[in-house]
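Participant: Listed below, chain by chain, are the residues.
There are 2 protein chains.
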Amino acid sequence: MNFKEKLLRAISKNNSLLCLGLDTDIEKLPSHLSKTPESVIDFNRSIIEATSDIVCAYKVNSAFYESMGAVGFEILKSTIEIIPDWIPVVLDSKRSDIASSARMYAKAAFVEIGADAITVNPYFGVEAIEPFVEFKNKFTFVTILSSNPGAFDFQYLKCGDKFLFQIIAEKFISAGFENLGFVVGATRGTDIKIVRELSGEKLFLIPGIGAQAGEIESAVRYGINDEKAVLINVSRAIIYASSSTDFAERAREKAVEYKEKINKIIEQI
Amino acid sequence: MNFKEKLLRAISKNNSLLCLGLDTDIEKLPSHLSKTPESVIDFNRSIIEATSDIVCAYKVNSAFYESMGAVGFEILKSTIEIIPDWIPVVLDSKRSDIASSARMYAKAAFVEIGADAITVNPYFGVEAIEPFVEFKNKFTFVTILSSNPGAFDFQYLKCGDKFLFQIIAEKFISAGFENLGFVVGATRGTDIKIVRELSGEKLFLIPGIGAQAGEIESAVRYGINDEKAVLINVSRAIIYASSSTDFAERAREKAVEYKEKINKIIEQI
Chain A
1 MNFKEKLLRA
11 ISKNNSLLCL
21 GLDTDIEKLP
31 SHLSKTPESV
41 IDFNRSIIEA
51 TSDIVCAYKV
61 NSAFYESMGA
71 VGFEILKSTI
81 EIIPDWIPVV
91 LDSKRSDIAS
101 SARMYAKAAF
111 VEIGADAITV
121 NPYFGVEAIE
131 PFVEFKNKFT
141 FVTILSSNPG
151 AFDFQYLKCG
161 DKFLFQIIAE
171 KFISAGFENL
181 GFVVGATRGT
191 DIKIVRELSG
201 EKLFLIPGIG
211 AQAGEIESAV
221 RYGINDEKAV
231 LINVSRAIIY
241 ASSSTDFAER
251 AREKAVEYKE
261 KINKIIEQI
Chain B
1 MNFKEKLLRA
11 ISKNNSLLCL
21 GLDTDIEKLP
31 SHLSKTPESV
41 IDFNRSIIEA
51 TSDIVCAYKV
61 NSAFYESMGA
71 VGFEILKSTI
81 EIIPDWIPVV
91 LDSKRSDIAS
101 SARMYAKAAF
111 VEIGADAITV
121 NPYFGVEAIE
131 PFVEFKNKFT
141 FVTILSSNPG
151 AFDFQYLKCG
161 DKFLFQIIAE
171 KFISAGFENL
181 GFVVGATRGT
191 DIKIVRELSG
201 EKLFLIPGIG
211 AQAGEIESAV
221 RYGINDEKAV
231 LINVSRAIIY
241 ASSSTDFAER
251 AREKAVEYKE
261 KINKIIEQI
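Which chain is which? The protein sequence lines are A and B, in order. According to the UniProt record's numbering, the first sequence is numbered sequentially starting from 1. According to the UniProt record's numbering, the second sequence is numbered sequentially starting from 1.
This is chain A alone, in the form it adopts within the complex (with noise of 0.2 Å):
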């Protein structure tokens, strides 16, 4: 079973678009668990228990983990293999570089750590991104807009009539690669409708609800491709929403929130 395959199996038997994002700071773990690697792990092992009927998908995020050294890569492999089978992991760790150097990244995530897909970096080109497209019951998310204020800088630079984002997205959608997908910012607001209406069936990974305040209403509308699948993610604002021993408990208060609101407005769509 392919990415695609698996993702659209979890969204329909946990009726849930909510892709919950594992950013785990050892900084931030509540106050009764000691900051060790193996509370890292006790802490997500509790988030998925509590979660894994109410999200589509699960994100890791590879740059808390290799704040950890070694032993982060490690505690990222266990969490992978904690997350049941059937829902999809998304290793989100923006990799870019050249071809030679994107198949070891490639093999990094989908052999070593065994992820479901990753997201990675356009500014290489598209050849630069094959090695991961390679992998065909993979699926690689290629970062159109991010969600933060820096987007702004490149992102937005108008290259003739159009955006730079809006070329790049043309660019990746022309190569016809099947198992590609976009990361678009929630902050984005709209524009997540340009990228949209160029993509056809894309499918959308959408970062920066909650800590970030991105729009949930505008990332669902836009964000939903025909087959009714979006990856609409929250991380800070569902993992760390208590600091205390009921942890895992809000966790899933908060999640089920989210997926009931995201659900609200497909209903309306």
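Derived from the structure by calculation, the hints contain no laboratory data. Everything numeric in this text was worked out from a predicted model, so none of it was measured. Some clues are possibly wrong.
Intra- or inter-copy, both count: the list cannot distinguish identical chains.
Said to hold, decoys possible - For lysine-lysine, the following DSS-like pairs were computed, each having C-alpha atoms within a straight-line distance of at most 25 Å: (1) Lys77 - Lys35; (2) Lys107 - Lys28; (3) Lys261 - Lys171; (4) Lys171 - Lys193.
We have chain A already, so just place chain B on it with the hints.
Facilitator: Coordinates of chain B only, in the frame set by chain A:
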């Protein structure tokens, strides 16, 4: 001592502008070595011992180590520990993400791995690079022009009367960070001159010589700044000079060859 001071001293001590890339691929180890993580460390140690009086810096390509999993991270750390203290190490990881994640990547590179410098990707904007630059004793190389064919997809887009890569370079120059330089691929030939003319004193890291067949002449001529510094990187053409038991000896010969070739060009400037 900051990265720049360390680099200038190593350049002076070894009379070299050659940066040696330790892109060690476990599959390409000399045939007498077993394909184990220990062999990768042994290989790197032999290469380092044979070249530490010839280079001005080492570059470690994160992708190759990540592809080995958690143990790759340990090998990366061990390799950096083997490198003599007075020779700077660039972690070539082309990282990119929003600032909260970039902060974690900076911690991974500079605190956990112990690199002196890092390569990053500009697509998320200047604000997303700040967490790296905040490590004042460290150095950040922003990739402006990559050495692969895919560079032409977006880096050479005309945005108004300039190429995208020029606009990106200008934006980072105007940000005024002292400990920030650029990656410019040697395969881009005289376009390196365009970036140099914009950049004044900025330090360049120039990959693409050797296996990628970039032009060493223009790389040195336009790469060098007023401090007479530049990192001319060669990886595969040196470390895989021989696949036999004489690999370290042959790597040394190749490194000397490149060092002298570079110095000859310098004399003619």
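Participant: For each hint, tell me whether it holds in the structure or not.
Facilitator: The hints, checked one at a time:
1. Lys77 - Lys35: Result: close both inside a copy and across copies, 19 Å intra and 23 Å inter.
2. Lys107 - Lys28: For lysine 107 and lysine 28, only the inter-copy Cα distance (16 Å) is at most 25 Å; the intra-copy one is 30 Å.
3. Lys261 - Lys171: Neither, since 33 Å and 40 Å both go past 25 Å.
4. Lys171 - Lys193: The answer is within: 17 Å in one copy meets 25 Å, while 28 Å across copies does not.
Going down the numbered hints, you'll see the structure goes against just number 3.
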